[in-house]
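There are 2 protein chains.
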Amino acid sequence: MAKNKKYVYAFEEGNKDMKEILGGKGANLAEMKNLGINVPPGFTISTEACALYYEVGKKINAEVKKQTDIKLAELEKKMGKKLGDANDPLLVSVRSGAFASMPGMMDTILNLGLNDKSVVGLSKVTNNPRFAWDSYRRLIQMFGNVVMDMGHGDFEHILESVKDTKGAKYDTDLTADDLKEIVTKYKAKIKAVKGIEFPQEPIKQMYLAINAVFNSWNNYRAIRYREINSIKGLIGTAVNIQAMVFGNLGDDSGTGVCFTRNPSTGEAKFYGEYLMNAQGEDVVAGIRTPLSVATLAKANPKIYKELVGICNKVEKHYKDMQDMEFTIERGVLYILQARNGKRTAAASVKIAVDLVKEKLISLETALLRIDPNQLNQLLHKQLDPIAVSKARVIAQGLPASPGAAVGEVVFTASEAFAKAKSGLDVILVRTETSPEDIDGMHSSKGILTARGGMTSHAAVVARGMGTCCVAGCADISIDEKAKTLTIKSQGIVIKEGEFISLDGSTGKVYEGKLGTQDASLLGNFGVLMNWSDKFRKIGVRTNADTPHDAEVARKFGAEGIGLCRTEHMFFEGARIKAVREMILAGDLEARKKALAKLYPYQKGDFAGLFEAMDGLAVTIRLLDAPLHEFLPKEKKDIEELSKEMKVDVKTLEAKIEDLHEFNPMLGHRGCRLAITYPEIYDMQAMAIIDAAIEVKKNKKVKSVKPEIMIPIVATTKEFSILKDRIVKIVEAKIKESKIKIEYKIGTMIEVPRAALIADKIVEAGAEFFSFGTNDLTQMGAGLSRDDAGKFLKEYVNQDIFAYDPFEVLDQEGIGQLIKIAIKKGRSVKKDLKVGICGEHGGEPKTVEFCHREGLNYVSCSPFRVPIARLAGAQAVVREMLNKKGKK
Amino acid sequence: MAKNKKYVYAFEEGNKDMKEILGGKGANLAEMKNLGINVPPGFTISTEACALYYEVGKKINAEVKKQTDIKLAELEKKMGKKLGDANDPLLVSVRSGAFASMPGMMDTILNLGLNDKSVVGLSKVTNNPRFAWDSYRRLIQMFGNVVMDMGHGDFEHILESVKDTKGAKYDTDLTADDLKEIVTKYKAKIKAVKGIEFPQEPIKQMYLAINAVFNSWNNYRAIRYREINSIKGLIGTAVNIQAMVFGNLGDDSGTGVCFTRNPSTGEAKFYGEYLMNAQGEDVVAGIRTPLSVATLAKANPKIYKELVGICNKVEKHYKDMQDMEFTIERGVLYILQARNGKRTAAASVKIAVDLVKEKLISLETALLRIDPNQLNQLLHKQLDPIAVSKARVIAQGLPASPGAAVGEVVFTASEAFAKAKSGLDVILVRTETSPEDIDGMHSSKGILTARGGMTSHAAVVARGMGTCCVAGCADISIDEKAKTLTIKSQGIVIKEGEFISLDGSTGKVYEGKLGTQDASLLGNFGVLMNWSDKFRKIGVRTNADTPHDAEVARKFGAEGIGLCRTEHMFFEGARIKAVREMILAGDLEARKKALAKLYPYQKGDFAGLFEAMDGLAVTIRLLDAPLHEFLPKEKKDIEELSKEMKVDVKTLEAKIEDLHEFNPMLGHRGCRLAITYPEIYDMQAMAIIDAAIEVKKNKKVKSVKPEIMIPIVATTKEFSILKDRIVKIVEAKIKESKIKIEYKIGTMIEVPRAALIADKIVEAGAEFFSFGTNDLTQMGAGLSRDDAGKFLKEYVNQDIFAYDPFEVLDQEGIGQLIKIAIKKGRSVKKDLKVGICGEHGGEPKTVEFCHREGLNYVSCSPFRVPIARLAGAQAVVREMLNKKGKK
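Protein chains in written order, with the working numbering: chain Z, 360 to 1246; chain H, 360 to 1246.
Accuracy of the hints is not assured; some may be wrong.
A pair holds if it fits inside one copy or across any two, identical chains being indistinguishable in the list.
Stated by the list, open to error - Calculated lysine-lysine pairs in the DSBU-like style (CA-CA distance at most 30 Å, straight line):
1. LYS528 <-> LYS1183
2. LYS1119 <-> LYS992
3. LYS1002 <-> LYS1149
4. LYS1204 <-> LYS1076
5. LYS1076 <-> LYS1182
6. LYS672 <-> LYS525
7. LYS872 <-> LYS417
8. LYS1082 <-> LYS675
9. LYS1152 <-> LYS952
Derived by calculation from the structure, the hints in this document are not laboratory data.
Since the model is a prediction, treat every value here as computed from it, not as a measurement.
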């Protein structure tokens, strides 16, 4: 405490750089004041005063009180009114405002200064008793809740019962007398519950409110909020006390909201809505329809011009699109708030690009302005927003794969396939999907499942295909026989052939056939991507298993394939039969025979990918899945297979039992399977090199760069044994064909042990690493992705993990394994190529980490490629800024 | 190649330090020669000659040949005979012998020098045509196999058919003429198969044999053997050529085997067997019963005295018990071989202790002489070896838990319990055991299962209890209803109540009731343990869940409990009911109510352990198991539980389905469960501290040192959240009781991530670490212990892992996580207490690693405590030797 220290600042005494002592809101109001904008006057009690409040045992210090009294007197002088004056009262709002925005803290109190006397004065001055009594009612309710700790129900109950008695539907149907009655009842309730009266002295009201704001700094919600958001080192909250202005004092008054640019499209055109003789609440209540702010130009050209002028000024000042609240009180325009406006992804991109063109911001700033994750919206077909606003949401599931889908409901994969073939748009609705559904999923516009999470089969496959998917929609039940879908909570029944619409970005399911909008990858989006690539240093590849995916990814800017999962290729049509033959084969010869049937398919797959990528690197991961994934689980399917394969059910069941694993995640798969049955990888290696030779021979591509990747390696020997076999096959083929193929053999780093012995794996001949961060997270943190959903959400809530480690890479833990592996790997081979191909590869924070740690590339699903490109650029820009900061 | 270089050494020209050029066998023969022992003369062609053989393209170099011819001439001179002489032939043996013993290489060829002429000479000289022709037959057979690459079947077939024709049961029933017929047929077979004659020139025979030995150095078996055993840097094998001597040339000839001490008991008494007028094979054939070597003292005092003298000399020379082969040829004693004798564990200990007492070896040497794993034999009851030699083995399973058991067969846990209560010895025979069988397992003398591996429920629990167990005995099938056990391959049926005997150290199952011998922990064993403790620096604790286990472990020298698994305590009797109530509870209150029922049991458990350990540290791991382990899986059991708990089957099934996990290993267990349901650990913490206060208050112990351990920690927050709760409970209890309790709260390090953030976990307050190397191996290497059996054996065979990583700690991989965790942990808290409590804790190589890495203690099952004590001492001795070596 210091007598000479300044604790209370009039708005005009502060500026935007004083957030630490004025809080965010206070500094912002001060900044606007300094811009010469007509903000209702007021003052801010500093965060230092809050700290002092706690130091002296939760008491407002005398010096603070003294300075507050002075500022209040100045405010009264400015406004020509006295706080709570019986004839023409000054009313104020009291708001908290810390350095960081903290929704967990106290709400606003409005209309402070009203009491039994000044309410009458206000009635007279405004000539609007209803307004005066409603304002008083609101004050008592807010004050009662926030300052006097009354329950919300206490007041709502009274309000509702009076409305019932009076036959009022909306609050606005209540008369001044009704509101007077409510005020009386509110006061009596406070007396009854708390044993004290609602304070009538305006100055007492104000100090009690200031106390309440200071106390709210350390309430449970606020403390938890700071904990969860790792907000540290703050000393307290500021308190903003500001004169109230009213938009409902007659036809020369009004209130509105405006944006300096269109927040939906980003168009550089003034945009907003207002109502004359109204308060903000009236807009929300939806009884009167607000007018477009453009009409204000005719209705009140002077005010309109002033507003546009202010908006331009503020936007130029903050160099970003502003969302502003304004009130006109008896012909005088006040700005109540200005802040960077929320916007759609499309608007975000357009505004950033436009601001650069307008030379308001730099390229670097523009890149940092856009949340990479938001780009997702732009890359998929969207439901028409106008149609959406009128449509009926019938169910809510998980937003498993973004995009929009509109189509007829079908209930089996085969129907989906058949109907799609005949040219219909279909949505496949299943309790859950399984690998056999692949063809049907491919044919559908969208997929809806009743069960399964964000990483269920449906979700993973749909994301891979870029197909819209809503998963885990628990409210639906499916009757496959009756061919109906029931929305349980609403009792709606939808039959096969009826239309529904899905929004895969929100998880919402709509009734009927909504309109859609296409994705646009050109225009501003294209500009942004080009800018990103100028800065970006880390490569961006894609995870793609089919030529189609590869083509989509290239359109999005992928610079190669970082992960082609070959097991998906084993499921389709006739292939699964050959795979099953291989599994059931009694000896090596029979296995080889079955594998020979798979070889032409595999070769075709790889040739297709090589052509689609035309000279870019294609990383092919050899079979990773355990064998049991290729056999059916249900009795019915086993019986069917028994007939088809002519193998008796008992033998099949015995094989399935034999292959069963307690922890398949840690099971007999990937290179382990290849150590037991090396002929599988032999076939794949042969298919890869033959495809490469063929496409090069046929001159379908300029060049071809296969990178063969061995999964689940945990020891050097696994790698060297398999590499030696592959090299032998590949070299023989190259020699025979006389066609030179550049190829590499590398390994996934997905078992923690592999990261720890990375140097030895490079010594054993690994030419590249690719981090499989999904499995690395599962094993490194001991979490099963299929199971951990049960507690991970709670873990994130309790801040045990900052983020779901399957969405955002756990840099603290798993990140260490990556660092260790890179350091060790490059200690042997300085230029070792290192990438990442887990689902994290398209997550912006992870991309930044990968850039920082010197990875050569990230690889992600096609639709995440643009996100990774932007995130890669942002990483560079932030690094530049950090370096500047350090200098 | 160097003309002046010596490639061939007469035995008397070498010594035991020349193993690199003479090979192990050659150096040993030379050493004996130098000791003045009558070894049949001979010479060694050096390993350098072998290297030269390969250098010049698989040809015997001229210089080598020259030197060999000279040495052969010298040998002929010494023996007064010529190789293959038609009248009185010198016969020789040819043997390979590298630096390291390599069973993968060529076998011995005996009787080289015989041909169609010299066989007649030999007949006459020995006056024993049968002997001569049999020797010739053997030569052709060995030579054919080893040198001429004939199949074994080629000769066996002829031998058998002649025996059939002649009505001969044993080879010894064949006459000289029969053998002559066989020789003729053998030679014809060689001619037919190989197109060449069996070589008649003795010198050609010898050089072909030398060639074969050199070639065998690089045959597939030998190369694989060197790879598997990491034998590197050797240049080749030596060849030993030695004059044959015969013990069957009359009554003044004989042959025998002797040990300088008793290999079964270790008694310092000359021991052995011999036969006069016999060859080694005669002993093996078992037609004549060999005599005790003691009888030789009377039969031939001169030879006996000479033999005893040699034995004493050789033992003193090698400072270890010797296993020697001797032959008396016409009254002359020859020693053919002397090597350190194989011995039982008891003999091993006694001999080591005696040799120290006799001042032949130092304490340090004695400690290194004993394989710690062998001690296992001494700690358990054994089947009487004499009874075993006469008993019938009816089945072979896995040696899952050592010891011997003799008892009546029962087929259910409840029968086991009931019969044991009435005083009978029972063996519980199950297809596989489950947690419900615990009581019955406890009551049984031994456990036999048809299914499950070394880490199956039966095996793990039995080892924990110290009960003999043979698991995974695939040849038996059990009919629980009929109460019979069938040995499938032999068709034997055993009924309930009939006796069988188990050897848990070999996995053998015997018919009937065999005698047993008790374990002995005193005497020489006690001396050895005392010596070990003198050297040992690392602490040895035990994994014990019951006061009984704790007492056993203390008898074995445990210095505390390193791991008490509390989940086992949840299964017994009435407790499982309360646990299930807790799981099915709908809300916190109901859960607390169920937990309150468990509290008194838990408190009693802990009090019992504290008393048993009387002031030693007791580390208690809080509940680790996932909840689904406590619910039944079979329909029948679910229905039963439904009745018992009065919860309908559907609800039960839904709960079981809800708790089901795809990868339980990575599931919702340990501290994760406690984050969701903190009341579980609250109850356990309360039970621990209340038990500690009680035993201290009642003065049942001098002091009490509970160490509370939190399992499956992967993040700092998990630890700090749970630690804070526990501290609050414990401190309140201490304050209330006014009894001071020293306690610690620490964590398992078993999730790789925990090792990587070990510093932060210590900052969060962890007072000790205990490595759970089972789980750390599972997660770190991505191996499921329940599944990996399918391929791990093959992995070890292919040397992908040097040892099964669940038996011997994978120091290269998982060891790094341990090192990282210790380094990081101690960077924050220098004196951080660190232990290991996985099953590896009692494995000698792992104990040495733990000593080297500065762990404070290892903890292992009670029966491994002595092993760990010895291994800990050996680690110190080896470290001392290494330091000396470096100086």
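Okay, the hints, checked on the actual structure:
1. Within a single copy, LYS528 and LYS1183 get their C-alpha atoms no closer than 72 Å, and across copies no closer than 67 Å, so neither meets the 30 Å cut-off.
2. In this homomeric assembly, LYS1119 and LYS992 never come within 30 Å of each other (Cα to Cα): the closest approach is 40 Å inside a single copy and 44 Å across copies.
3. In this assembly of identical chains, LYS1002 and LYS1149 lie within 30 Å of each other by CA distance solely across copies; the values are 29 Å between and 39 Å within a copy.
4. In the homo-oligomer, the alpha carbons of LYS1204 and LYS1076 lie at most 30 Å apart only across protomers (22 Å), although the nearest pairing inside one protomer, at 34 Å, exceeds that limit.
5. For the identical chains of this complex, LYS1076 and LYS1182 are neighbours both inside a copy (21 Å) and across copies (28 Å), given an alpha-carbon limit of 30 Å.
6. In the homo-oligomer, the alpha carbons of LYS672 and LYS525 never lie at most 30 Å apart, since the shortest distance is 48 Å inside one protomer and 121 Å across protomers.
7. Taking the shortest Cα distances, LYS872 and LYS417 never come within 30 Å of each other, neither inside one copy (60 Å) nor across copies (84 Å).
8. For the identical chains of this complex, LYS1082 and LYS675 are neighbours neither inside a copy (61 Å) nor across copies (53 Å), given an alpha-carbon limit of 30 Å.
9. In this assembly of identical chains, the alpha carbons of LYS1152 and LYS952 lie at most 30 Å apart only when taken from different copies (27 Å versus 48 Å within one copy).
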